[in-house]
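Numbering (our numbering) for the sequence shown: 1 to 71.
Because the hints were derived from the structure by calculation, they are not lab data.
No residue lacks a Cβ here, since even glycine has one placed at the ideal position from N, Cα and C.
Heads up, a few of these hints could be off.
Here are the in silico distance ranges between beta carbons for each label pair [claimed, not checked]:
#1 53 / 14: 17 to 23 Å
#2 13 / 62: 26 to 32 Å
#3 67 / 28: 29 to 35 Å
#4 28 / 50: 24 to 30 Å
#5 65 / 35: 21 to 27 Å
#6 64 / 25: 24 to 30 Å
#7 59 / 13: 30 to 36 Å
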Amino acid sequence: SIAEGLLMTEVSIAATPNGPYLVNGPIELRDADGKVLPTKDKIWLCRCGASTNKPFCDGTHWYAKFTDESN
Numbered sequence: 001s002i003a004e005g006l007l008m009t010e011v012s013i014a015a016t017p018n019g020p021y022l023v024n025g026p027i028e029l030r031d032a033d034g035k036v037l038p039t040k041d042k043i044w045l046c047r048c049g050a051s052t053n054k055p056f057c058d059g060t061h062w063y064a065k066f067t068d069e070s071n
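Using the sequences plus the hints, can you model the full thing?
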């Protein structure tokens with residue numbers, strides 16, 4: 001059972017076509033050293049590996065002509 005007063009919130013992750021992962025919902029994201037990175041309830045995470053702002057997407061996938069395997 002869920003403890004009284006505890007609010008369950010859904011988080012979703014989806015790969016956008018030829019682009020980043022779109023994460024919706026409240027999350028806590030940490031770097032390799034365990035430091036909490038600032039996030040919002042909607043973030044885009046790099047999937048192409050070329051972002052200069054990893055782990056976040058900076059749009060470089062477009063210039064790198066990144067395509068995913070589903071196309």
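Hints versus structure:
{"no.": "1", "hint": "53 / 14: 17 to 23 Å", "result": "holds (20 Å)"}
{"no.": "2", "hint": "13 / 62: 26 to 32 Å", "result": "violated (21 Å)"}
{"no.": "3", "hint": "67 / 28: 29 to 35 Å", "result": "holds (31 Å)"}
{"no.": "4", "hint": "28 / 50: 24 to 30 Å", "result": "holds (25 Å)"}
{"no.": "5", "hint": "65 / 35: 21 to 27 Å", "result": "violated (32 Å)"}
{"no.": "6", "hint": "64 / 25: 24 to 30 Å", "result": "holds (28 Å)"}
{"no.": "7", "hint": "59 / 13: 30 to 36 Å", "result": "violated (19 Å)"}
Hint violations for this structure: numbers 2, 5 and 7, all remaining hints satisfied.
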